[in-house]
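Residue numbers (UniProt numbering), protein chains in the order written: chain V, 1 to 660; chain B, 1 to 660.
Hint data in this document are derived by calculation from the structure and do not stem from the laboratory.
Mixed in with the good hints, there may be bad ones.
DSBU-like mimics (lysine-lysine), calculated; alpha carbons at most 35 angstroms apart, straight line [claimed, not checked]:
1. V:Lys349 x V:Lys24
2. B:Lys638 x V:Lys356
3. B:Lys143 x V:Lys356
4. B:Lys24 x V:Lys258
5. B:Lys175 x V:Lys629
6. V:Lys243 x B:Lys175
7. B:Lys595 x B:Lys531
8. V:Lys658 x B:Lys629
9. B:Lys356 x V:Lys595
10. V:Lys629 x B:Lys638
11. B:Lys629 x V:Lys24
12. B:Lys356 x V:Lys258
There are 2 protein chains.
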Amino acid sequence: MITREKHNQMANAIRFLSMDAVEKANSGHPGLPMGAADIATVLFTRFLSFDPKNPLWPDRDRFVLSAGHGSMLLYSLLYLTGYEDMTIEDIKQFRQLGAKTAGHPEYGHASGIETTTGPLGQGIATAVGMAIAERKLSGEFGKDVQNHHTYVLAGDGCLMEGISQEAIALAGHLKLNKLIVFWDDNNISIDGPISIADSTDQHARFRASKWHTIAVDGHDPDAIAAAIEEAHKSDKPTMIACKTVIGFGAPNKAGTHKVHGSPLGAAEIAATRVALGWEAEPFVVPAEVLDAWRLAGLRSTKARKDWEARLAALPAEKKTEFQRRFAGDLPGTFDGAIDAYKKKLADTKPTLATRKASEDALEVINGVLIETIGGSADLTGSNNTKTSQTASITPDDFSGRYLHYGVREHGMAAAMNGIALHGGLIPYSGGFLIFSDYCRPSIRLAALMGIRAIHVLTHDSIGLGEDGPTHQPVEHMAALRAIPNLNVFRPADATETAECWQIALHSKDRPSAIALTRQNLIAARTEYSEKNLSAFGAYDIAPADGAKVTIFASGSEVEIALAARKLLEEKKIPTRVVSVPCFELFAEQPEAYRKAIIGNAPVKVAVEAAIRQGWDSIIGSDGIFVGMKSFGASGPYKELYEHFGITPGAIVAAVESKLA
Amino acid sequence: MITREKHNQMANAIRFLSMDAVEKANSGHPGLPMGAADIATVLFTRFLSFDPKNPLWPDRDRFVLSAGHGSMLLYSLLYLTGYEDMTIEDIKQFRQLGAKTAGHPEYGHASGIETTTGPLGQGIATAVGMAIAERKLSGEFGKDVQNHHTYVLAGDGCLMEGISQEAIALAGHLKLNKLIVFWDDNNISIDGPISIADSTDQHARFRASKWHTIAVDGHDPDAIAAAIEEAHKSDKPTMIACKTVIGFGAPNKAGTHKVHGSPLGAAEIAATRVALGWEAEPFVVPAEVLDAWRLAGLRSTKARKDWEARLAALPAEKKTEFQRRFAGDLPGTFDGAIDAYKKKLADTKPTLATRKASEDALEVINGVLIETIGGSADLTGSNNTKTSQTASITPDDFSGRYLHYGVREHGMAAAMNGIALHGGLIPYSGGFLIFSDYCRPSIRLAALMGIRAIHVLTHDSIGLGEDGPTHQPVEHMAALRAIPNLNVFRPADATETAECWQIALHSKDRPSAIALTRQNLIAARTEYSEKNLSAFGAYDIAPADGAKVTIFASGSEVEIALAARKLLEEKKIPTRVVSVPCFELFAEQPEAYRKAIIGNAPVKVAVEAAIRQGWDSIIGSDGIFVGMKSFGASGPYKELYEHFGITPGAIVAAVESKLA
């Protein structure tokens, strides 16, 4: 049992590490760590099940600092509880180049950072995915090996962001009762008191979405503990509103926005030392306080060992499967299944919309990979993301493998991140390509973290037709390709679609976006290839000796490029077509391959029913681009292709004009 | 007084126009127009103050169809009430190329379309801006000339999108009591019944954000009317939940998701004709029904004329000002003020962060343009968007000119669209460039509509330093430049900042994004230029005879380019520097100017602390790019520039290697 005095000292250790690190860096956010130190101390010393010596223990409780600017809270906790890769030197290096202790918590920088946070609202929405994963895996593997909580510390900013509503509504609907959110209710945001911009009754808001809510004094350890115990008993997710004072302990600045995002300054820190009775030097935690924290870090050792025993006691096959799933490895049968499917496609040469081709590929994939968990933002029938294996998950039955995320692209993408981060499952989901804009911050975080979340994005160009410019992506391929470490695929037919899926699933360290058509496409690849040609990013789909013209195209425009080639060859103009399903993978090929694919044809053409941006890297600024220069229009898609001049005839005319 | 029978016929006119148009187009969404026809009929025949002969009457009530897929509801209403540019031929051309009647309502296609909708949630959030504008202008010019309501029809999808929460919370906080939202509570979304994905108590949710809510039978005209009357009396915004049957009247499909987004089919339409007793041919509205609708369209003629009289009775100066403001023209004094300020800058040559330079420019602008309404998503001190003229608007006092939007980038951007669409005000606001991702769908809509919303986006590169990769935009310049019809500015110093502001304010038909630094920059422009050089998009900032090297740069990297030039010139390598504050404006220059600026230097270099995408159009795929290839890192910004090799030395080394 930790006495109140000991608790205070332990919480103060967080406070001083945080204010001293911010002071040394001359940059950072001391207010949150100081205000939320009591909450964190209660959670980490009495409840959180975690083992600093085994930070990836699959059944650990997850802790997400949604208010990521308060990163020193997390770093302090990791150091204090004894994570070996978080030393006092790391704390001293806060916000310095190359340090693990970045300005905001960066997944992968140090153990115990469960997700990258900082962009507000992302943490709470990511945590929803973690709680979904736990619930699903608990059902699949049993409570003996999956039975943990997901805790979130969120600030006012998190709750003002719209994504939080999507997350809250989804979690409440799914009855994720092991999700517990601490709201750091400090009544302050950067511009001043919350009342400047918000009058929301957060309790009523959460309850409207079927949450349990509790209000406590965020500086009363026993009240916090009682609230957590109450939350554990709830059959709903719980929001614990913790009334706190931002910058708690700083005599002159606490409770004001001055303490939010700036160093306190030497004088105020000195005053805080006096006020809180803290005599230790900066970055020194008194031995008895550090010992108490290290003991807290050992609290779950036995629980973890017991868990190991329970895992060992599982039937061998189940145990192996559990371990494979958490390692993120695909079963050995996967590539063979894709291969067999590709052979079938080479025989049947189907004419299909790639969204339908994706469904067919998923039918194969979901049969082999039990770990996929599909979904859609209320466009299931349009995205073709549901297969025979994926029954719908419902609030009371998680045995299915398909989530109806609702009209919530942003919450969906963040939840997918949480599912991927949790481990044991591979999330994929569906939306319209145009609405990648709605979830871009979460896709970016997946790319920054390097995690496997797969976005099926259908209706990928003016080819969607009548819905018009509000629904026609023209800039979205470029905008997604701009995100580092994101594979953006645009397959040309069923075979490329299967190949892109194969790559996406093998990419453990990178998210994928797969852009797919609404309209039918003929088979561009007519022969079986053992190699995954799409993995080259770009490849010869129709070679030509002594090509005078090379046409580069992606997706639905490969068909148009091939038709243009036919016309040009009839005119005795040797023409080569290169299919470009993935810019990123092409950019990563050896220089010699890249040069060979780009080639030396005097005329280079790129065709994509989207803007030019990005294509100059392949065709040069003097190349011909056949695509979009503006927003689209509403009309039948074939008329739109004519109207915007994305046709074989337009390509031929442009080539002839250049050759003339 | 309209009898119930007449009401039914009038509502059925909407239903049959909608289902017949969708059937003819073989594409579209009949369910919502059929379900919401009664709500719309009550609103347009008994309450909405509008004049089809004067569709831009500044004091008209605004009607926003947030559920934009139900576009035939709006088109039917416009035709029926007698808007001259919406004929039955236009209705027959629904969803055809070139038609006014696009798949989703497109602002500018026809009178009476107050905003483009379709991407869900945008309409309700845009309407918040309209209601803000009304409240503000009502205070400024008096209730005699500004005193109208803003009505919204929103569906379940709108309310599931996170942006709706930001909008609801902002509207409730600001007590926008003249905003009235009809929720088309039909319990159906694309994937099936709402219960598949949502369990939210919408009444409780709205009330938690300080709204008044009412529940009615959405097919009971008198109940709807009574609810609107009640809403008119509320001191809060009101949400009227209208329980409706989607596809009302279709005997076999009503109440199911089958009627949401597909034609009903000939058989079901025939059955609906029987069920609703509608004998008219497709696209024919019986004369007495059409007459009744046309009468409804004349309802507000007197009100509009009375308003004209009240406007005429205003003091001449006030009247002229009102008319200027609604025409969107700037006062004649504006350019002179900017010019005087530019002269001062040429004298003082200040070293400033461009965010601070923007504040200084705004201090001048806000002194001349009384119509600007500033704001920030809770980053006022960081975005530098508040000036001495812009007191904060509070829920009870709209005399200020500054909105604390809260941590709600998406809701802010949509509200700005609504303010711009309403007329009479020019909205600008602040956020971090990285968080343009959070509001991208609304920025896109501004570009699609061609409206003047100005986004100040500070902390525009790794130059923000310690906050790290979650906050460092590397792909956002490219991603914003990808959006058609959006001017994306990145000024290099205080003078360019003033020029970019000048262009943005003159751009009545285009939104602007102005990317600004956190860090100080020296003055790149040292001499006064009468011309707005930034308006060329790119221009010689440091010429050189017989340049062997041309360095193109934007924003903070112009300073680095100029330093590199100095080093290169010392090495007798003639080097020219081109500042590129705006890609879009440069692309619009005459070919000769573009060619001259790009020039023929054997070595072309582009420098931007961001990704390369887009720059190849200027430097070619064989040009040297000095910038980012990955996400950023957390650390002091000068170290980051060194670390990522964006320095004068790195430029010189790359140039020498190329020349060797």
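Quick rundown of the hints versus the structure:
This hinted pair does not check out: Lys349 of chain V and Lys24 of chain V have alpha carbons roughly 65 angstroms apart, beyond 35 angstroms. Taken as a hint, the Lys638 of chain B and Lys356 of chain V pair is broken in the structure, with Cα atoms around 50 angstroms apart against an allowance of 35 angstroms. Distance restraint check for Lys143 of chain B and Lys356 of chain V: the Cα-Cα separation of roughly 57 angstroms exceeds the 35 angstroms cut-off, and the hinted pair is therefore not satisfied. For the suggested pair Lys24 of chain B and Lys258 of chain V, the alpha carbons sit about 62 angstroms apart, so the restraint of at most 35 angstroms is broken.
Using a Cα cut-off of 35 angstroms, the hinted pair Lys175 of chain B and Lys629 of chain V is violated, with the two alpha carbons roughly 42 angstroms apart. Only pairs whose Cα atoms come within 35 angstroms are accepted, and Lys243 of chain V paired with Lys175 of chain B is accepted, the gap being roughly 26 angstroms. Between Lys595 of chain B and Lys531 of chain B the alpha-carbon distance is near 20 angstroms, which keeps this suggested pair within the 35 angstroms criterion. For the hint pairing Lys658 of chain V with Lys629 of chain B, the CA-to-CA distance comes to about 33 angstroms; that is within 35 angstroms, so the pair holds.
Distance hint between Lys356 of chain B and Lys595 of chain V is unfulfilled; the C-alpha atoms sit about 46 angstroms from each other, more than 35 angstroms. Pair hint Lys629 of chain V plus Lys638 of chain B does not hold up; C-alpha atoms about 38 angstroms apart against a cutoff of 35 angstroms. Note on Lys629 of chain B and Lys24 of chain V: the hinted pairing holds, with a Cα-Cα distance of about 30 angstroms set against a maximum of 35 angstroms. Under the criterion of a C-alpha separation no larger than 35 angstroms, the hint pairing Lys356 of chain B with Lys258 of chain V is consistent with the structure, at around 20 angstroms.
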